[in-house]
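K.L.:
The lines below spell out each chain.
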Amino acid sequence: MTIAEYNLCVEQFADGIYRFILKNLRDSEQSRDVVQETYTRLWTRYTDVNFDKAKSYLFTTAYHTMIDMIRREKTVTVLDEIAPYAGTATGQYSDLKEVLDEAVSRLPEIQRSVLLLRDYEGYNYKEIEEITGLNESQVKVYIYRARQFLMQYIGTIEAVI
Amino acid sequence: MRINADNYEIYALDYLEGTLAQELVAPFVLFLAENPDIAELLNYMRELPLPTSQNGKPANFSYLTKNINTLTISESNFDEMCIAFHEGDLDTAMQQNLLAYINGNPKKQNIFSKYRQARLNPDKSEVFEGKKMLKKRTSADTGIRRIALISTFAAAASLATLFMFRNTNPVTQPSVISSVAVDHKKVPALIIPDTATVAEKIKITENLKKVSHFSKTQVNNKPTMLAVVDTASDNDDGIIIISSLVPRSMRIENIYLQREIASINPQINLTGQKTLSEPAFRNPIREKGVNIYAKASQITINDVIQTSINGINNMVEGDLRFESQTDERGRLTEFALSSETFNIKRKIGSN
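Just so you know, the protein sequences line up as chains A and B, in that order. Residue numbers for the first sequence follow our numbering, beginning at 923 and rising by one. Residue numbers for the second sequence follow our numbering, beginning at 119 and rising by one.
Errors might be hidden in some of the hints.
[To be verified] No more than 30 Å apart at the CA atoms, straight line, and that leaves these computed lysine-lysine pairs for DSSO-like:
| no. | chain 1 | residue 1 | chain 2 | residue 2 |
| --- | --- | --- | --- | --- |
| 1 | A | K977 | B | K249 |
| 2 | A | K1048 | A | K1019 |
| 3 | B | K242 | A | K975 |
| 4 | A | K1019 | A | K977 |
| 5 | B | K250 | A | K977 |
| 6 | A | K977 | B | K253 |
| 7 | B | K254 | A | K1019 |
| 8 | B | K232 | A | K1048 |
| 9 | A | K975 | A | K1048 |
| 10 | B | K254 | A | K977 |
| 11 | B | K242 | A | K1048 |
| 12 | B | K226 | A | K1019 |
| 13 | B | K249 | A | K975 |
| 14 | B | K242 | A | K1019 |
| 15 | B | K242 | B | K254 |
| 16 | A | K1019 | B | K249 |
| 17 | A | K1019 | B | K225 |
| 18 | B | K242 | B | K225 |
| 19 | A | K977 | A | K1048 |
| 20 | B | K242 | B | K232 |
| 21 | B | K226 | A | K977 |
| 22 | B | K254 | A | K975 |
[Said to hold, decoys possible] Listed next, with one range per pair, are the computed distances between beta-carbon atoms:
| no. | chain 1 | residue 1 | chain 2 | residue 2 | range |
| --- | --- | --- | --- | --- | --- |
| 23 | B | N221 | A | T924 | 52 to 62 Å |
| 24 | B | P154 | A | E927 | 45 to 55 Å |
| 25 | A | R954 | B | E452 | 39 to 49 Å |
| 26 | B | N228 | A | N972 | 44 to 54 Å |
| 27 | B | T137 | A | N1046 | 18 to 28 Å |
Honestly, the hints are just simulated from the structure, not real lab data. For each residue, glycine too, the CB sits at the ideal point set by N, CA and C.
Please put together the full structure from these sequences, using the hints given.
P.N.:
The following block contains the structure:
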C-alpha cells in the first residue's frame, strides 16, 4: 500500500477499531493506546500490506494487541470487572441501548469480541475466524451463545421494568 | 494443541459446561493447576448462571455441526432457529417454515422479536481523536509543507552542521545533541540517525513532544521549536523534518537565526552573502578549520536559508535548490524551492 492508502486506512478504520476496543476494554485511554499501537505496526510494514486486506490486518492486530494488554494486566483485574449475573437486573435503564450495553459488558471476553466484530463491522464467520484465530464453529457457537444471553437479559430487564 | 494462556479461552466454556472433549480434560486441569489466577477466574465464572435455552437446559447448539436448514423446527431448537434467522443462516424455505411456526405459536413471537432486538449498533459519536497524529505525509504533502518548513530548514541544517563539527563519526543512536539558540531562546535539538527504524522514530517523536511540553521553551511567544533531522528518510529529497514539532504559524520573518547563527557555533563558516557560493563554504565539514566569521548584521535570512539548503544537501547528498529575490532593503520578497521532484514558488506575504 502507498502512504496515501495508509492515511486512508486511518481515516476509514480508526474510529471503528477504537469503538471495538473501547467496548471491550471500557477504558478510553487504553483503547487509544491500542489504536496507536495498531497503526504503528501497520506503518512499520505498510509496503507489505495490500490495501484490500488492510482492514482485516488492522482489526486482527488491534484484537491481539488488546488481548495482550488484558493479559499483561492480569486476569484478576478482569475478574474484578465482571459483575455477577444472578438472573435478574436492577439497574436503571432508559432505553434498549443501555440494556444491551450492560448485557454486553457481562459477556465473556471472547463472546463480546466476536459479537462486536459481527454487529459493529459486519464481519462474517470466516472473517472473524481469521481475526480471532478461532475456528468457524467456535465463532458460531460464541455468537449464538452471546445472542441468547442478550435476548434473555432483555427479557429479564423487561420483567423488572 | 497444547493448552496455554493464549488459547485456554477456547476450551474454558466447554470445560465449565462439562462438554470438553474427554482427551482434553486432563491437559486443561493441568493447565489450571499451573495457572491459579485463571483457575480462580473460572471458578468465579462457574458460579455465574449460564445462559439457558427456553426449556431450561444449557444451550449446546448441536445443529452447528449439521445443516440447520435440514432440521425440523421444534421447541428444543427454536432459539437456535431464531438466532439463525437473524444471522442470515437460514435459507428461504426454512425462513418461511420458521415464520409459519411462529404464527402457529403466538407466544413465540415475543422471543423471536427479542432476538431481533439483541443486535448491537455502534455509537458513531465515539470517534478516535488522534487520526491526524497517525497520518503520514505523502510526497505531495511534503512539497507543500516545505513552504512552512523553510524556517526549520535553517535551524536543521545549522544543527546538522553543528553536529558534524562536534563529531564526525557516523551517528548510530538517536540523541539530543545540543541546545540551540533561536531568537535568544534555547531549543532542544536532535538528530535521528540513519539506522533508526520507523518505530524508533515514532518513539523519539513522542519523547520530543514530552520534552517540548515540559521545557516550555518558546520562540517569539510561539511553542517550542524542536528541529529533528531525519537522515534516514525514504522521501524524495532524502530528508524529513518532523513538522508537527514546528509551529506552522512561524513565518520566515520570525526566525532570527541570522542574528544568532554565530553564537550557535562559532565554528560555522559564514563568510557573508557575497561569498556563499565559494566551494569552500559548500562543504563546511571539510572547511571546519577555516575560522572566518561574518558579522551578524551582514547576514540576511536569504543567507541563512541558502546555508541551510547547502547543509541539507551536504548531509544527504540532496539536490535542493533555493532561489530568491529581495527588495532594496535586502528583505526577501520572493523565493523558489525546488528539487528533482518539486518546484515551489511563493511571494512573501502572499501565503
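K.L.:
Evaluate each hint against the coordinates.
P.N.:
Now the hints, each set against the structure:
Straight-line distance between C-alpha atoms of A/K977 and B/K249 comes to about 15 Å, which keeps the hinted pair within the 30 Å bound. In summary, the hint linking A/K1048 to A/K1019 is supported, as the alpha carbons are separated by about 27 Å, within the 30 Å threshold. Under the criterion of a C-alpha separation no larger than 30 Å, the hint pairing B/K242 with A/K975 is consistent with the structure, at around 23 Å. Our distance criterion of 30 Å between C-alpha atoms is met by A/K1019 and A/K977, whose separation comes to about 27 Å.
Of the pairs offered as hints, the one joining B/K250 and A/K977 holds, with about 18 Å between alpha carbons and a cut-off of 30 Å not exceeded. The hinted pair formed by A/K977 and B/K253 meets the criterion: a straight-line CA distance of about 16 Å does not exceed 30 Å. Taking the CA atoms of B/K254 and A/K1019, the gap is near 37 Å; set against the 30 Å cutoff, the hint is violated. Using a Cα cut-off of 30 Å, the hinted pair B/K232 and A/K1048 holds, with the two alpha carbons roughly 26 Å apart.
Of the supplied pair hints, the one linking A/K975 and A/K1048 holds, its CA atoms being roughly 14 Å apart against a limit of 30 Å. Note on B/K254 and A/K977: the hinted pairing holds, with a Cα-Cα distance of about 18 Å set against a maximum of 30 Å. With a C-alpha separation of about 26 Å, the suggested pairing of B/K242 with A/K1048 holds against the 30 Å cut-off. About 23 Å separates the Cα atoms of B/K226 and A/K1019, which keeps this hinted pair within 30 Å; it holds.
Straight-line distance between C-alpha atoms of B/K249 and A/K975 comes to about 20 Å, which keeps the hinted pair within the 30 Å bound. Note on B/K242 and A/K1019: the hinted pairing holds, with a Cα-Cα distance of about 13 Å set against a maximum of 30 Å. For the given pair, B/K242 sits about 25 Å from B/K254 by alpha-carbon distance, which is consistent with the 30 Å threshold. Of the supplied pair hints, the one linking A/K1019 and B/K249 holds, its CA atoms being roughly 27 Å apart against a limit of 30 Å.
Under the criterion of a C-alpha separation no larger than 30 Å, the hint pairing A/K1019 with B/K225 is consistent with the structure, at around 24 Å. Distance restraint check for B/K242 and B/K225: the Cα-Cα separation of roughly 35 Å exceeds the 30 Å cut-off, and the hinted pair is therefore not satisfied. With a C-alpha separation of about 15 Å, the suggested pair A/K977 and A/K1048 falls inside the 30 Å cut-off, and the hint holds. A distance of roughly 23 Å separates the Cα atoms of B/K242 and B/K232; the hinted pair therefore holds under the 30 Å criterion.
Between B/K226 and A/K977 the alpha-carbon distance is near 39 Å, which puts this suggested pair outside the 30 Å criterion. For a cut-off of 30 Å, the pair hint linking B/K254 to A/K975 stands: about 19 Å separates their Cα positions. Remark: the range hint 52 to 62 Å for B/N221 to A/T924 is upheld by a beta-carbon distance near 55 Å. Range check, B/P154 to A/E927: Cβ separation about 47 Å, and the 45 to 55 Å hint holds.
In this structure, A/R954 and B/E452 meet the distance hint of 39 to 49 Å, their C-beta atoms being roughly 44 Å apart. Between B/N228 and A/N972 the C-beta distance comes to about 47 Å, which sits within the given range of 44 to 54 Å. Under the hint 18 to 28 Å, the C-beta atoms of B/T137 and A/N1046, about 25 Å apart, fit the expected range.
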